[in-house]
Structures are given as C-alpha cells and as structure tokens.
Amino acid sequence: MMSNLRNNKDFFAGLMFILIGAGAVFIARDYPIGSATRMGPGYFPVALGGLLFLFGVYIMVQGVIKKEKMQGTWSMKAWIILPIATIIFGYLMDHGGFVPALVALVFASAAAGDEFKFREVVLMTVVLTVASVGLFIYALELPYPLFPWSR
Amino acid sequence: MEIFHNLIYGFSVALSLQNLWFCFIGVFLGTLIGVLPGIGPLATIAMLLPVTFNVPPVAAMIMLAGIYYGAQYGGSTTSILVNLPGEISSVITCIDGYQMARQGRAGPALAIAAIGSFIAGSIATVLIAVFGPPLAEMALKFGAPEYFSLMLMGLVTAAVLAQGDMVKSLAMVVLGLLLGVVGTDVNSGMSRFAFDIPELTDGISFVVLAVGMFAVAEIVSNLGETEERQVFTAKVTHLWPTFDDMKRSIGPILRGTALGSFMGVLPGTGPAIASFSSYMVEKKLAKDPSRFGKGAIEGVAGPESANNADAQCKFLAMLTLGIPSSAVMALMLGALTIQGIAPGPQVMTQNPDLFWGLIASMWIGNLMLVVLNLPLVGLWVSLLKVPYRIMFPAIMAFCCIGIYSVNNSALDVYMASFFGVVGFLWRKLECPPAPLLLGFVLGPMMEENLRRALLISRGDATVFFTRPISLGFMIATALILVIMIAPAVRKRREQFTD
Chain A
1 MMSNLRNNKD FFAGLMFILI GAGAVFIARD YPIGSATRMG PGYFPVALGG
51 LLFLFGVYIM VQGVIKKEKM QGTWSMKAWI ILPIATIIFG YLMDHGGFVP
101 ALVALVFASA AAGDEFKFRE VVLMTVVLTV ASVGLFIYAL ELPYPLFPWS
151 R
Chain B
1 MEIFHNLIYG FSVALSLQNL WFCFIGVFLG TLIGVLPGIG PLATIAMLLP
51 VTFNVPPVAA MIMLAGIYYG AQYGGSTTSI LVNLPGEISS VITCIDGYQM
101 ARQGRAGPAL AIAAIGSFIA GSIATVLIAV FGPPLAEMAL KFGAPEYFSL
151 MLMGLVTAAV LAQGDMVKSL AMVVLGLLLG VVGTDVNSGM SRFAFDIPEL
201 TDGISFVVLA VGMFAVAEIV SNLGETEERQ VFTAKVTHLW PTFDDMKRSI
251 GPILRGTALG SFMGVLPGTG PAIASFSSYM VEKKLAKDPS RFGKGAIEGV
301 AGPESANNAD AQCKFLAMLT LGIPSSAVMA LMLGALTIQG IAPGPQVMTQ
351 NPDLFWGLIA SMWIGNLMLV VLNLPLVGLW VSLLKVPYRI MFPAIMAFCC
401 IGIYSVNNSA LDVYMASFFG VVGFLWRKLE CPPAPLLLGF VLGPMMEENL
451 RRALLISRGD ATVFFTRPIS LGFMIATALI LVIMIAPAVR KRREQFTD
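Here the protein sequences line up with chains A and B, keeping their order. Here this note's numbering is used: the first residue of the first sequence is 1, the next is one more, and so on. Here this note's numbering is used: the first residue of the second sequence is 1, the next is one more, and so on.
If you are wondering where the hints come from, they were derived from the structure by calculation, not from laboratory data. Quick reminder that beta carbons are idealized off the backbone N, C-alpha and C, glycines included. Errors might be hidden in some of the hints.
With a straight-line Cα cutoff of 30 Å, these simulated DSS-like cross-link-like pairs (lysine-lysine) come out [to be verified]:
id, chain 1, residue 1, chain 2, residue 2
1, A, 77, B, 385
2, A, 117, B, 247
3, B, 247, B, 283
4, B, 385, B, 294
5, A, 67, A, 77
6, B, 247, B, 284
Partial list, derived from the structure: chain A residues whose beta carbon lies under 10 Å from chain B [stated by the list, open to error]:
id, residue
7, 31
8, 34
9, 37
10, 39
11, 45
12, 71
13, 72
14, 75
15, 78
16, 95
17, 97
18, 100
19, 126
20, 127
21, 140
22, 146
Please model the complete structure; the sequences and the hints are all you need to start from.
Below, the structure is given as structure tokens:
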C-alpha cells in the first residue's frame, strides 16, 4: 500500500492541505468566532481552514485514484544549500556586516550549483560585492555597516 | 475633450527628466530579464521594490511597469532568434518566429513583433485613458458586498485559468488567504497565527513571499535541470518587413490587440492565455492554415500584440478598482501601498499625476522599446551566453539584499528561505504559486469587506445576491466555475495545458 503512494503528487499535496487546514482551525479555535453579523477574529480563519481541509481531502482522494507521480528531479543539493545560504546572509546582516554577509551568500550559493570553479567564484564574489556596496550602500544610502568592526 | 486634456497632462508628467530616466531603466531591465530565461518579471519586481523606496511614487511605478511590459517584449526576441522563450507569454511566438528566423527572415519577424507590440501598446494606452475614468466612477459606488464579490470572482478566475489542476489552484488561493490572515486583526487588535513572534504581528511581507516562491524556489528548480542552450543565432540581415508582410500582419495585430485588451481586463488571465488564443484565432481565420508552424508572420504578429495589450490593460483594473488581476499586479499594488498610496478608485482623483503619468509613460516606454531594441538585438542574444552558474548567485544576492532592506529584518530573510523551501515542494506537487500570492494580497481586503457587508446586512448573506452589481459578479463567478467543470471544456483544457 505505502509503495503505491510513493511520489504520488496529489496524495501528498492533499495531505499537506489537510494538515495546514486542520492546523489553522486548531490554532484559531482560541480566537473568538463571533456571529455572522459581528465576526470575531476567528471567523474567517476557521472558515478558510475548514475549506482548505475539504479541498485537501478531495485532492488526496483524486491522488489515490489517479496515481500520478511527481515529475523531474529533486535537485536536493540546491534545495538544501540555497536556503541555508540565505539564512547565513540574514544572520550576518544582523551580527556581522554587509560585506561578510554578501561574501558568504555568494560563495555558499555558488556551491549549490553543479560546477564550482574556485577562481571564477572568487572573482564573481569580488565583483558582486563591490558592485552591491557601490549600488546599495553608496548610491541608495542603505544604512548598513560594511564590516563587523564598523558597526 | 477631457481625454486629450488628461493625456496631455499625463505626458507632461511622464516626460519629466526623472520619469523618463526611470522609464528607461524599467524597460531596459524588463527586456534584460525577458531575454534571460529563469528569471521573470515577478521575481525582478519583488527584488527591485526596495530600490524604489527612496524614489517618488510616480517614478517608482513607471519603472516597475516598464519592467513588466518590457519583459513581454524581451521574451519575444529570444523566442524568434534562438527558439527559447524568455517568458511564458512568448512560448507561442517560438512556433512561427523561430521558423522565420531559420528561413533567414529573423529581421522581419523581430520587426513585426516590435511594431505589433507598439501598435497594441498605443491602442491599449488610449483604451485605458477612455475607460479608466468611467470605471473608477463606477467603482466609487461599490460598497463592501460589491468588492467582496468582485474579489471572489477575481480569485476564482485566477485559480481556474492557472495552469494545472483547478482544485489545487483553488486550494492554493485559500492557503494564500490564510497566510494573509497572519498578523494583527484590525477590528479586534488580536494577533492571529503570530506565535508570539513580534515581527509576525505585522503580518508576512508579500516581498518575502514573492521572492521565496518565485526567485529562490525557481533557482532551485532550474539547478535541477541540466541546461542545454543550443544557440542557433540567426543572422539578422535586413530588418524591415516587406509590403506583403505588413499587409498580412495588420489584421492579426489589430485582432490580437482586441483579444489582449479584452483578456487583460478580465481578472485572472495571464498574458500566455492572450497570446495563445490570438494564435488560435489567426490559424482559424487564415486562408491557408497549413502555413502556420512553417514561418507564418501572422503567428508572430498576433500573439505578440495580444500579450502586450494584455500586459497594459491589466493596469486598468489595478489602478481603478484597486484589485490585482494577476500576481504581478498584486506586487504593483503592494508597491503602491509601500509608497503610501491607498489603492482604489480614488487614486485617479487624488493622485492624477500617478494615474495619467503612468499611462503616458507606457506609451513612451513602448516607443523606447522599439527604438532601442531593434538595433540592440545582438547584445541581447549574446547575453544568453552567460552561463547560469554565474547568473544565479547574483540573483540570490539581489534578492536577499532586497528582502532585508524592506524592514531591516533578518527574520524576513529567514522567512523567504522558508518559502523557498516550501515553494520548491509546491512546484514538485504541482501546486501553482501564483494563485497563492493573489489570495495572500487580497486576503485582508476580502475579510474586511466580508465583515462590513455582513455587518450592514445584519448577518444576512443574501446581500451578495440582492444588490445588482454584486449579483452580476456572483453569476459570472458561478458561470466560470460551471463552464470549467463541464466535461467537454475540461478535456480541452487538459490538452491546452499539456
């Protein structure tokens, strides 16, 4: 049974909608519902969560019937590395500076690709950093410290 | 004539040095991303929003609009020359455009695409000028029930016409509406789905959502595909179409413009649908349909005019009703809000410089596109030789800086990362992200209008069906749903999306 559901795109899409819908209703149960005349903050989210749940059930059933598989590759490497690169950037913007954040981002992003040519990446990092500093810090005057010691 | 008076005023705004400059930057960037596959107008506009913060509203909107219609234009260049559509809307142009290029007629194909776009753009400009004021006047009479029904219609059409499974699209709309709920409820002051995170009480920023879903997820998905770019660069020798070409094209251009303008006003229809239907119409009308697919100039002229007209008429609903009819328009609406302008029918009276200036700038932008791009075709094509491994880190850098600078918040960057992860998952599960973004932007407005409508009617839901305009929207919504569920259409639609 389980092996039939592997990579079944509609089954998992449905499952996701069911979980989110149920979760939304669960969290929103504490918000006052009110009445149709005077809706409380809970009315709209509970209605939407319920609707999402129903859509989810329908999509899931369709998935079990149609058994359509997911297409294409998963590009796992990029899927993991790019979000991490983004998080590092955010962290370094708050705790480091514009330059280290950008260098880390470009370097880490480049590592997500299929080809990583070290010299090319270094050159690209330098060019991008200089260009961004010029555009964002000097031309657009965004108020970010360039380095940790200039904070 | 008031229209002329308004248009002249618009041109006086658009022709200021600053606005011309931003118009130029917009169409330039638009063409650039239109040429490059793998980055679309949505991600670009989301990315560049922060750049517009310090710019006056008119100039900012002129630039963002330029990016949008410039991209439709750039997409056609690569479709014709290298059989590689830069944007979805120019997929159809590949068919006959590329064949023309192979036959050594790349020049006329490019020229007719440009001329068609320009004519379509000019007519669309006039249409917006003519229909804008009455539409805004009508919208001023809209009450909460009308707005709710109109938004419902927009969301349903968007979901139904999106590519792929209709039910999934509808589910994505609902998910978007739910995400729009996150934050402080304006009526009760209660924070919803904020999980005690202070930043979340302001709600999720739509820039975060858009960049995560359309830039980060897009890059992840592109990196998974082994890229093969065979660049058969056709030599562009003579540019000008022959008299016969012109004679063949004028009909398709005008019909394409009409179709595109019509589709543009309808909520939820993307430019791809406009160009596709134009191609179908031309093929049906042709005396010898077998020429299509073998380099028929009508197959370039029609669709290219249609997608440009569509792109411009999208602004009509956005500016006069304050309702986005596509994901890109949702971003435009967000940009307006960031600039401190409340979207809605009052924009025309309270910010006439913005309304008329933007419209006039579209005509100027179209002119710039024709004048600039035909001579620069070689430059654009050579850009395709830039490998993706160089492009995507740069896109990432711009996206991240862009997101961070909206609120100077690292949390926004983390959230974009999160939406990048789930955005890619949604792609794999074939859940379209565009309806979600639309739902997200309309969510708060819809809830507000639903509450107000039911408050006025004392909880009586029939209020949506007893007021004539609201009833009209409701009937249209029901019709769209019924038509789409009807088996015959469903079958054809599946063929269409394949």
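Hints versus structure:
1. A:77 <-> B:385: This hinted pair holds, its Cα atoms lying about 25 Å apart.
2. A:117 <-> B:247: Violated, at about 53 Å.
3. B:247 <-> B:283: Between residue 247 (chain B) and residue 283 (chain B) the Cα gap is close to 16 Å, so the pair holds against 30 Å.
4. B:385 <-> B:294: With Cα atoms ~27 Å apart, residue 385 (chain B) and residue 294 (chain B) stay inside 30 Å; holds.
5. A:67 <-> A:77: This hinted pair holds, its Cα atoms lying about 27 Å apart.
6. B:247 <-> B:284: Given pair residue 247 (chain B), residue 284 (chain B) holds - Cα atoms ~18 Å apart, limit 30 Å.
7. 31: Residue 31 (chain A) check passes; min Cβ-Cβ to chain B is 6 Å, inside 10 Å.
8. 34: 9 Å, holds
9. 37: 4 Å, holds
10. 39: Nearest chain B Cβ about 5 Å off; hint holds.
11. 45: 5 Å, holds
12. 71: Status holds, d = 8 Å.
13. 72: Holds, about 7 Å.
14. 75: Interface hint status for residue 75 (chain A): holds (3 Å vs cutoff 10 Å).
15. 78: 4 Å, holds
16. 95: Holds - the Cβ of residue 95 (chain A) comes within 10 Å of chain B, reaching about 9 Å at its closest.
17. 97: 12 Å, violated
18. 100: 13 Å, violated
19. 126: Violated, about 12 Å.
20. 127: Holds - the Cβ of residue 127 (chain A) comes within 10 Å of chain B, reaching about 9 Å at its closest.
21. 140: 6 Å, holds
22. 146: Status violated, d = 13 Å.
The structure fails to meet hints 2, 17, 18, 19, 22 from the earlier list, while all remaining hints are met.
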